[in-house]
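A.B. asks: If you want the building blocks of each chain, they are given just below.
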Amino acid sequence: MSVDRGNVKILVFACRWCGLIGADGAGRKRIELPASYRVIPVDCAGYVEPDAVIRAFASGATGVAVLGCHVGGCRFNDANHPALKRLELLKTLLDTTGIGGNRLLLGFGTAHESHQYADMILEFHRAMESMPSMASWLPQGQ
Amino acid sequence: MSKISLFLCNCFGEIGRVIDLEFIRKKFEADPDVDSVTIVDSLCMPDDAAKAQVLTRERRIGKVLIGACSPYGKMEFVRLGLAKEGAAVRAVDLREGCAWIHGKDPEGATRKAANQIDMELALLQNRKDSKDLTLRVQQEVLVIGAGPAGLSAACGLARLGFRTHLVDRGSAPGGLLNVVKKVYPTDEPGPGKIKNLVDETGENPLIRFYGKTKISSVKGYAGDFKVKLTGPEGNTALRVGAVVLATGARILFPQGLYGYGKIKNVITQMEIERRFATGALNCKTAVFIQCVGARNAERPYCSTICCPLSLKNAMRVMDENPGARAYVLHRDIMTPGSVLEAYYRKAMQRGVQFIRFDAERPPEVRGQEQVSGVEVFDSISGVSRVIDSDLLVLSTPFVADPESAAIARMFEIPVDKYGFYEEVYPIHPVETRNDGIFICGTSRWPVSSDQAIAQGEAAAIKAASFLGKETVSALAMSRVPGGKLGHAAADAAACTGCGNCVAVCPYKACRLQRTGNRSVSRVIKVRCKACGNCVAVCPNGAMQMPEQNYRVTGEMIRRAFREVR
Chain A
2 MSVDRGNVKI LVFACRWCGL IGADGAGRKR IELPASYRVI PVDCAGYVEP DAVIRAFASG
62 ATGVAVLGCH VGGCRFNDAN HPALKRLELL KTLLDTTGIG GNRLLLGFGT AHESHQYADM
122 ILEFHRAMES MPSMASWLPQ GQ
Chain B
100 MSKISLFLCN CFGEIGRVID LEFIRKKFEA DPDVDSVTIV DSLCMPDDAA KAQVLTRERR
160 IGKVLIGACS PYGKMEFVRL GLAKEGAAVR AVDLREGCAW IHGKDPEGAT RKAANQIDME
220 LALLQNRKDS KDLTLRVQQE VLVIGAGPAG LSAACGLARL GFRTHLVDRG SAPGGLLNVV
280 KKVYPTDEPG PGKIKNLVDE TGENPLIRFY GKTKISSVKG YAGDFKVKLT GPEGNTALRV
340 GAVVLATGAR ILFPQGLYGY GKIKNVITQM EIERRFATGA LNCKTAVFIQ CVGARNAERP
400 YCSTICCPLS LKNAMRVMDE NPGARAYVLH RDIMTPGSVL EAYYRKAMQR GVQFIRFDAE
460 RPPEVRGQEQ VSGVEVFDSI SGVSRVIDSD LLVLSTPFVA DPESAAIARM FEIPVDKYGF
520 YEEVYPIHPV ETRNDGIFIC GTSRWPVSSD QAIAQGEAAA IKAASFLGKE TVSALAMSRV
580 PGGKLGHAAA DAAACTGCGN CVAVCPYKAC RLQRTGNRSV SRVIKVRCKA CGNCVAVCPN
640 GAMQMPEQNY RVTGEMIRRA FREVR
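Sequences listed follow chains A and B, in order.
Just so you know, we're using our numbering here: the first sequence kicks off at 2 and counts up by one.
Just so you know, we're using our numbering here: the second sequence kicks off at 100 and counts up by one.
Rather than coming from a laboratory, the hints here were simulated on the basis of the structure.
Check the hints yourself; a few may be wrong.
[Claimed, not checked] Listed next, the in silico EDC-like pairs over lysine to aspartate or glutamate satisfying Cα-Cα at most 20 Å (straight line):
(1) B/Lys363 to B/Asp204
(2) B/Lys361 to B/Glu239
(3) B/Lys313 to B/Glu239
(4) B/Lys361 to B/Asp549
(5) A/Lys86 to A/Asp96
(6) B/Lys280 to B/Asp549
(7) B/Lys102 to B/Asp549
(8) A/Lys30 to B/Asp204
(9) B/Lys327 to B/Glu113
(10) B/Lys383 to B/Glu511
(11) B/Lys281 to B/Glu372
(12) B/Lys383 to B/Asp549
(13) B/Lys568 to B/Asp140
(14) B/Lys607 to A/Asp79
(15) B/Lys445 to B/Glu468
(16) B/Lys230 to B/Glu646
(17) B/Lys203 to A/Asp96
(18) B/Lys203 to A/Asp79
(19) B/Lys203 to A/Glu130
(20) B/Lys203 to A/Glu124
(21) A/Lys30 to B/Glu113
(22) B/Lys516 to A/Asp79
(23) B/Lys318 to B/Asp134
These numbers come from a predicted model, not from an experiment.
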């Protein structure tokens, strides 16, 4: 089994009230970012199921980022609090299974923090560059 | 499954400069899900927008995918324009989210654009529509609490033509103002301030006042609350569309502070009001201590009314006892606004003495059975002073009413850590997270009677604008226009009744319902705001968001990094 590094694939779940608007702001400021990530817009970070994160790893994502609003600033009252707890727990689980909790990024920001969004993506990309690709575990032909 | 039409916008080269649109067109023309791919120069300009609209209408296209700028810009208008033609429209962000940030990597940007379009195609093909629910809004309102806030809310609603039920645990309307002989800063009598509102309550046939009445049970949701009242007239069952909570607060009893309860003539502001009312107040020197039990670690908030209250009562002591003196020992005098600041100056000119003390070094009471004086360290001059006094008045803050916790539980609204009802922070000051429940007055936060009356009016207007629509669609019940994608739907066959969704829902929209010999989850569509927490915690996949169901998410994840050829 060859260890394939550098081919970074990041799946971003971005809440459409904060993360996605932050992405929009980063775009307007023309902040150059690596084209290694794909975005799934969700209504709230609370929507992101742990199974979806696991499934993303199973289909070859190097890292998964979940971007929501600041804790206490959620559009849906406090819907991102349970999400945070759930995903922190998932990090422990990822550590236990050997995938590594650092492959899951939990980011919290408000809509206008586009620089923070860009930094987060960039840093996560750099961190993932040194990680072996999850695709090494995939069956051939996928 | 109907096919999808794809419109790609070049944005005058802004997108096409980086992303190879021709390549994407060729790729998706070969896709079996795609009916046609059209590249236009600028979808937001009238001619191209019209072209897309005509194409959608003439070819009866059911599903449209737009690849253009971000949905937060002009794209939303284009999307809505096409949606008017009856098509399900989604947009992919190719400019802000792709071309502009991956300018140095055109190949990567093209790959990303293709993947993102592919993912949205999966969404369009697999999404379902939430079943909407249209609800008849009951055209009656319940106002709980007949203090200044409740009275002004009830009168406001009745003036707008809504049948209003006004409930109070006391026998007469008025609340705390009934105790107050004079109110600051106008020095008019307390009951006189709300006399017109109380009169209106009696005269307006739309208002019905229930004295000595309590709430025994609440069922239902926004638009249709079923409330049972228990009072001297027996039980009453109401069906109301909205509820205004103005249950008020109470003044803290300073038990154990400054010898209260042990030393005679150490009293609270409420007691001095009562003494004024009975006329039995004579003293030579009155000392008022501010912030008793407030602005400390336990209650860090300022109670708003105590400073002006002390100014008013200090002046009254001097008015009613010629030759008497009044001291106000304060940490800061809080008299915001021009009116109250003028009132403060008036008190200074009248001869009220102000001494500032530090929270770390509070005043000490002298005297065993009867107050003989107060020792205070003046933090401005730095010297300790002893004031001979025969009356000590403690300004204690508003604290939550002991009954408001039970009311909050009944109406399923949250309270903050001090027990006051919590508003929807920060831009919905009289609304709560349970739709159809509005809050005002001191049950929400310490306010003066003027502010309480203003808040009552605000709550009345908010309640009226909700009741104004005679029917309401569950999908439209969102605070943000276009904010609600749908609502969660529970599959009764797959649900095992674990209750995870009930525990996690921030809107208390999930309920366990007994059917046969098992419990299954049921979603109250009116309350659901589609955050998706229930979907994330459901172990059986029984809870789904039709617009973004498990098939959509699964397909999107699968297609996210698919090889682009």
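A.B. asks: All the hints need checking, so say for each whether the structure fits it.
C.D. replies: Structure-based check of each hint:
For the suggested pair B/Lys363 and B/Asp204, the alpha carbons sit about 83 Å apart, so the restraint of at most 20 Å is broken. Restraint check: the Cα-Cα separation between B/Lys361 and B/Glu239 comes to about 50 Å, which exceeds 20 Å; the hinted pair is violated. Between B/Lys313 and B/Glu239, the direct Cα distance comes to roughly 18 Å. Compliance with the 20 Å bound is thereby established for this hinted pair. Between B/Lys361 and B/Asp549 the CA atoms are separated by roughly 35 Å; this puts the pair beyond 20 Å, and the hint is violated.
Restraint check: the Cα-Cα separation between A/Lys86 and A/Asp96 comes to about 16 Å, which is no more than 20 Å; the hinted pair holds. Distance check on the hinted pair: B/Lys280 and B/Asp549 sit about 16 Å apart at the alpha-carbon level, within 20 Å; holds. Simply put, B/Lys102 and B/Asp549 have alpha-carbon atoms about 61 Å apart, too far for the 20 Å limit, and the pair is violated. Only pairs whose Cα atoms come within 20 Å are accepted, and A/Lys30 paired with B/Asp204 is accepted, the gap being roughly 17 Å.
For the given pair, B/Lys327 sits about 63 Å from B/Glu113 by alpha-carbon distance, which is inconsistent with the 20 Å threshold. For the hint linking B/Lys383 to B/Glu511, the alpha-carbon distance of about 51 Å lies beyond 20 Å, and the restraint is violated. Taken as a hint, the B/Lys281 and B/Glu372 pair is honoured in the structure, with Cα atoms around 9 Å apart against an allowance of 20 Å. At roughly 32 Å between alpha-carbon atoms, B/Lys383 and B/Asp549 are farther apart than 20 Å, so this suggested pair is violated.
Of the supplied pair hints, the one linking B/Lys568 and B/Asp140 is violated, its CA atoms being roughly 42 Å apart against a limit of 20 Å. For a cut-off of 20 Å, the pair hint linking B/Lys607 to A/Asp79 stands: about 12 Å separates their Cα positions. For the proposed pair B/Lys445 and B/Glu468, the alpha carbon gap of about 34 Å is over 20 Å, so the pair is violated. The suggested pairing of B/Lys230 with B/Glu646 holds, with an alpha-carbon distance near 11 Å, which does not exceed 20 Å.
A C-alpha spacing of about 35 Å is found between B/Lys203 and A/Asp96, which places the hinted pair above 20 Å, so the restraint is violated. A hinted pair counts as satisfied when its Cα atoms are at most 20 Å apart, and B/Lys203 with A/Asp79 does not qualify at roughly 39 Å. For the suggested pair B/Lys203 and A/Glu130, the alpha carbons sit about 18 Å apart, so the restraint of at most 20 Å is met. With a C-alpha separation of about 18 Å, the suggested pairing of B/Lys203 with A/Glu124 holds against the 20 Å cut-off.
About 14 Å separates the Cα atoms of A/Lys30 and B/Glu113, which keeps this hinted pair within 20 Å; it holds. With a C-alpha separation of about 15 Å, the suggested pair B/Lys516 and A/Asp79 falls inside the 20 Å cut-off, and the hint holds. In summary, the hint linking B/Lys318 to B/Asp134 is not supported, as the alpha carbons are separated by about 50 Å, beyond the 20 Å threshold.
Against the hints set out earlier in the document, violations occur for numbers 1, 2, 4, 7, 9, 10, 12, 13, 15, 17, 18, 23.
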